[in-house]
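Asker: The listed protein sequences correspond, in order, to chains A, B and C.
So for the first sequence, the numbering used here puts the first residue at 1; every next one is plus one.
So for the second sequence, the numbering used here puts the first residue at 322; every next one is plus one.
So for the third sequence, the numbering used here puts the first residue at 651; every next one is plus one.
Hints are computed from structural coordinates only; laboratory data are not their basis.
Negatives, chain B to chain A, calculated, CB over 12 Å:
# : residue
1 : W337
2 : M424
3 : Y502
Cut-off 20 Å, straight-line C-alpha distance, at most; resulting in silico cross-link-like pairs (PhoX-like, lysine-lysine):
# : chain 1 : residue 1 : chain 2 : residue 2
4 : A       : K100      : A       : K194
5 : C       : K712      : A       : K194
6 : A       : K101      : C       : K712
No residue lacks a Cβ here, since even glycine has one placed at the ideal position from N, Cα and C.
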Amino acid sequence: MSGESLFSFFTDPILRGPTIGCMLMSLAAGLVGVILFLRKQSLIGEVLSHAAYPGVMLGVLVAGLFSITENEESLLSILILAGAFLTGSLGLWAIQLLQKKMRVSNDAALCFVLSTFFGVGVTLASDVQFSFTPLYRQVMTYLYGQAATMTDVHIVIYGTLACVVVLIILWFYKELQVMTFDAEYAKSLGIPVKSLDLIVFVLVTLSVVIGIRSVGVVLMSAMLIAPAVAARQFTHHLSVMLALAAFFGMTSGFFGNYFSVRLTESLALAYPATRMILPTGPMIVLVAGAISAAALLCAPERGWLVRLWRASVLASEERGR
Amino acid sequence: MERGPLFNPYHGETFWGFLLEFGRRMGALLIGRLSFDQLVSDEIQVLVLIGISISSSLIGTFLILRRMTMLANSLSHTILIGIVLAFFLTSASLRGQGEIPPMEIMLVAALATGFFTAFLTEFLTKTVKLREDASMGLVFTNLFALGVMLVTLLTRNAHIGTEAVMGNADALHKSDLSWVYLIVSCNLLLFALFFKEFKLTTFDPALAYAMGFSPSLFNYLLMTQISATTITSFRAVGVLLVLAFMTGPPLAARLFTHDLKIMLVWAVLLGSCCALMGVAVTRHILTIYGAALSTSGVVVCTILFVYLSTAAITRVAIIWHRLVGNASI
Amino acid sequence: MESKSKESPFVLEINQLRVNYDKTPALRNISLSIPAGLLIGIIGPNGAGKSTLIKAALGLLKPLSGKVKFWNQPLQRVRQRVAYVPQRESVDWDFPVTVRDLVVMGCYGRLGLFHSPEKKDWVATDHYLHLMGMQDYAHRQISQLSGGQQQRVFLARALLQEADLYFMDEPLTGVDLATEIVMIQTLQELRKEGKTVFIVHHDLNTVESYFDWVILLNRDLIAYGPRTAYFTPDYLNATYGHNDALFNHAWPFSSQRQCVVKNKTAQSST
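Chain A extracted, bound-state conformation:
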């Protein structure tokens, strides 16, 4: 497996599923992440992914009840996705309810829904462990992600999702722009803010729910936050920010796969006795994180180090006078 070119990541039948799949997933996540970031709701992704977990387990349980095995992957995936979407949406609804009716503050509502839904998921997972043991592997697959076993089917699924997200953003760009900026003003213009809000949340839920297959429940929120953070550093235009977030997302998806494969190979050469496989999910997150860190520090104009340098230049100019 050594010596592949970058290109082979797109063509090799084993590598292309994870690579292209993760790239498309990060593209969609990055785009919706921009909207969440601008609405100051970046942590919704974290809650959604944890709230989706019991749904994953429900899907697995239903599969177990109908004796569906891992071989019928498409059917299993559909059940899992449906369950995840259901509980994810329920989680979102619960947050709204807690904030509006029960006067709970935003962060407490997020944390409460996150921990309780996840706890329900953990309980269901323990049931899966004993009732339908062969399916228990699904628990790990969705908890920490398992990009390496993604197939061409996943490329299709993620591709469709990415297309839907891109289309919605293109079609409703100006509406999304004004309502994210100032929802009340948008309403005063007659823009159907409530319906578009719903569409946005459906897209976010879909992105998270579909994405947890690749990076897992725990790390999914990173793919919604990091590309948006990085993109903001380089532009004052929303359109450019969206494009950059998509680009950074895809880059993370690609290089996450690339580095995890390469490093696994190097480690195999250095320590041939062990069969260490570096997980892809965390690697994608770390690449995305590195891009954000670089953007936060070094972006022209907004980068922190750049600002420091400019300030010191100004200060020395002042002193020179």
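With the hints as your guide, set chains B and C onto chain A.
Answerer: Positioned in the frame of chain A, the structure of chains B and C alone reads:
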């Protein structure tokens, strides 16, 4: 699955039977008829969980009022890096055996990680001027990802397992009990000593600052308490349960009171009830259905149930009040 | 195009509007009718419900009861004829949008879904930016503007909507003198064209020079109508709830100070 004495008095018990037996045995313990060595795993679970719930409910009440709960979520993720650090700090001989590092080292590592997490998040928020929710999100996801990578490299196994999340309540030891209650005492002491400072910095940080108290000092103190509570609970119940105890019982208490002292007391009471009932329910399900569910998972479900019930009861009480009030006019 | 003959003489009619914020009443039983072509100041202390009144009229808040009609029709039918300028603080100024992009938002309602701004919209945008003296800032990100400049950009956006009725929430609060002058002149131009402008205003000193009518609000509607009739110490007393004697004693000094500033040149007064 159970490693207590061969005869487990709770074997085959249902919910009420469990509670009865537990009460009986705890009574015996208190009057000295039963010794600590004779405690079985179920009881240790309950006692440990009650300890965790006391610490968490107390801390959680303040976190909710100070809007710091997501910090607890952040710390629950980054603690993984702390555990990896602890692993490094342990002597090589212990490492080879694949044992978990001693609690003292884990504690130090957890505190260090906690400080590092808070520091990094504050750096991003205050200095780099990134908004708070994004800062937190970036920090804890990347540290966690780093932790997973390091665990893979060290243990040659990417699967840190669900134990990190759920813990292994069935492998509890008496030493866990002592550590948990040590932290409980520390928390109780801190809150008793500095109650008015905590209260002031929670409800009026500006005034506190003007009076010479530092709100951020108490933020860091709380964060230290979170780290200590989380790491001592880690082996028992993973990180999940701590979070649930920190949010559920205090939120439930807040449904019917706004007085800080009453909220604290009720949060502790409700949390402890959930701990006891949760273990009882787990035993019940094991007995009746033969399914060995995760104890921490069931306890979280209990917390959810208690919250929903409290919400329903207070709602009904309000409506009843209104009806009765109207009727008396 | 509605037939003008069917239009009522009132551009805005509010009938028994009640708005609650949580359980407390924010507005209690407001009824008023406003004719066209006026600059109207909405006056009242903090928490009086001034912003609430505007938001309820625009359908941004759900009232407990009451009806609002514009030209004798519900808002949905005539939305394009009503423009809203929100408070400056309500906006996230770090949002990635330039001055020009912000102003062009004014035409989004008119365009409807699936249509992007066309050349004529951009031309109009540049025109109104020029009118507000902000053409040089067209490509700046909005956080790089001063308070007064931000307010002018908001006004340019409202002008782009080319509405007949304008609601403005504290547009003159915390702006520099130059901005205030430009804005008042623009608003007076609007009035000349027969438009109606509602402004939530805080500075009692300038009410006399700026407004034709006033609406005095303190959760209840104290009074509304021509400024000359209703902007008087008695009504202000009722609105602001001041101690009778103290207010009457202070009022003449306040108006005196205004005159003193106007007559002197280099002034070192507070």
